[in-house]
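Chemist: Chain A is already provided as a structure; the job is to place chain B on it using the hints.
Keeping their order, the protein sequence lines are chains A and B.
Going by this note's numbering, the first residue of the first sequence is number 10, and it counts up by one from there.
Going by this note's numbering, the first residue of the second sequence is number 13, and it counts up by one from there.
It is worth saying that the hints were derived from the structure and are not from the lab.
A hint or two may mislead.
[Stated by the list, open to error] Computed Cβ-Cβ distance ranges for the label pairs, DEER-style:
1. S77/B to E10/A: 21 to 29 Å
2. T17/B to P49/A: 15 to 23 Å
3. N83/B to E64/A: 31 to 39 Å
4. R79/B to G25/A: 32 to 40 Å
5. R75/B to T85/A: 41 to 49 Å
6. R69/B to E64/A: 27 to 35 Å
7. G70/B to A19/A: 21 to 29 Å
8. K66/A to T17/B: 27 to 35 Å
9. E90/A to A14/B: 22 to 30 Å
10. H22/B to E10/A: 26 to 34 Å
[As the list claims (entries may be wrong)] When the alpha-carbon atoms are kept at most 27 Å apart in a straight line, the in silico BS3-like pairs for lysine-lysine are as follows:
11. K51/A to K42/B
12. K51/A to K68/A
13. K68/A to K78/A
14. K51/A to K25/B
15. K88/A to K72/A
16. K78/A to K66/A
Ideal Cβ positions, reconstructed from N, Cα and C, are used throughout, including at glycine.
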Amino acid sequence: EDQVTQSPEALRLQEGESSSLNCSYTVSGLRGLFWYRQDPGKGPEFLFTLYSAGEEKEKERLKATLTKKESFLHITAPKPEDSATYLCAVQATRENAGNMLTFGGGTRLMVKP
Amino acid sequence: DAGVTQSPTHLIKTRGQHVTLRCSPISGHKSVSWYQQVLGQGPQFIFQYYEKEERGRGNFPDRFSARQFPNYSSELNVNALLLGDSALYLCASSLGGQGASGYTFGSGTRLTVV
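For reference, chain A alone in the conformation it holds in the complex (with noise of 0.2 Å):
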């Protein structure tokens, strides 16, 4: 069975204090690993998508990397526009995976001004 963990649960920063925001995963064969930014009432947003051990992705402050075991979320220099919760997501390979993902139960991250 594919299990996600992320950590910490909840994570609060000051403005411009960077930081890196962890997802554990076991999956049988990736075909991807997501990462989403959700909003409070709202959908998850997608950010990223990695697919093999090493990828590293950027956009603005946040840089997603990727190991054969873990992802990591790296902000640097937040703001507060940033408070979100981010969630993790795994797609495995096995046929009858269709397009389904499985999610870690999020960090929460507050950035103070």
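Modeler: Chain B in isolation, oriented as in the chain A frame:
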């Protein structure tokens, strides 16, 4: 272009009742997936439909059912509602039925069972 649209946005139901949630995918997307997100947790997969056929089913009881229409819109039905069914129900659409193409999620339907 319109994104994924879900209706209604909120609703309140009584235990034992039935509910139907609706989803219209992005134009051109043929796959619709449904997820349940309980407050404070990550989304949990319920169903995937592609070209009107069920392609995947999560670990949910038979009270949950879904279908996809010829225009690729979809309905999620839940019978005999329980308090524990209170959650945000998310619909996501994608181009294909498989592969690593990312979803686009709707804003969800907030269901409260009292």
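Chemist: If a hint holds in the structure, say so; if it does not, say that too.
Modeler: Status of the hints after comparison with the structure:
{"no.": "1", "hint": "S77/B to E10/A: 21 to 29 Å", "in the structure": "holds, 23 Å"}
{"no.": "2", "hint": "T17/B to P49/A: 15 to 23 Å", "in the structure": "holds, 20 Å"}
{"no.": "3", "hint": "N83/B to E64/A: 31 to 39 Å", "in the structure": "holds, 37 Å"}
{"no.": "4", "hint": "R79/B to G25/A: 32 to 40 Å", "in the structure": "violated, 50 Å"}
{"no.": "5", "hint": "R75/B to T85/A: 41 to 49 Å", "in the structure": "holds, 46 Å"}
{"no.": "6", "hint": "R69/B to E64/A: 27 to 35 Å", "in the structure": "holds, 31 Å"}
{"no.": "7", "hint": "G70/B to A19/A: 21 to 29 Å", "in the structure": "holds, 26 Å"}
{"no.": "8", "hint": "K66/A to T17/B: 27 to 35 Å", "in the structure": "holds, 28 Å"}
{"no.": "9", "hint": "E90/A to A14/B: 22 to 30 Å", "in the structure": "holds, 25 Å"}
{"no.": "10", "hint": "H22/B to E10/A: 26 to 34 Å", "in the structure": "holds, 33 Å"}
{"no.": "11", "hint": "K51/A to K42/B", "in the structure": "holds, 23 Å"}
{"no.": "12", "hint": "K51/A to K68/A", "in the structure": "holds, 21 Å"}
{"no.": "13", "hint": "K68/A to K78/A", "in the structure": "holds, 22 Å"}
{"no.": "14", "hint": "K51/A to K25/B", "in the structure": "holds, 21 Å"}
{"no.": "15", "hint": "K88/A to K72/A", "in the structure": "holds, 15 Å"}
{"no.": "16", "hint": "K78/A to K66/A", "in the structure": "holds, 17 Å"}
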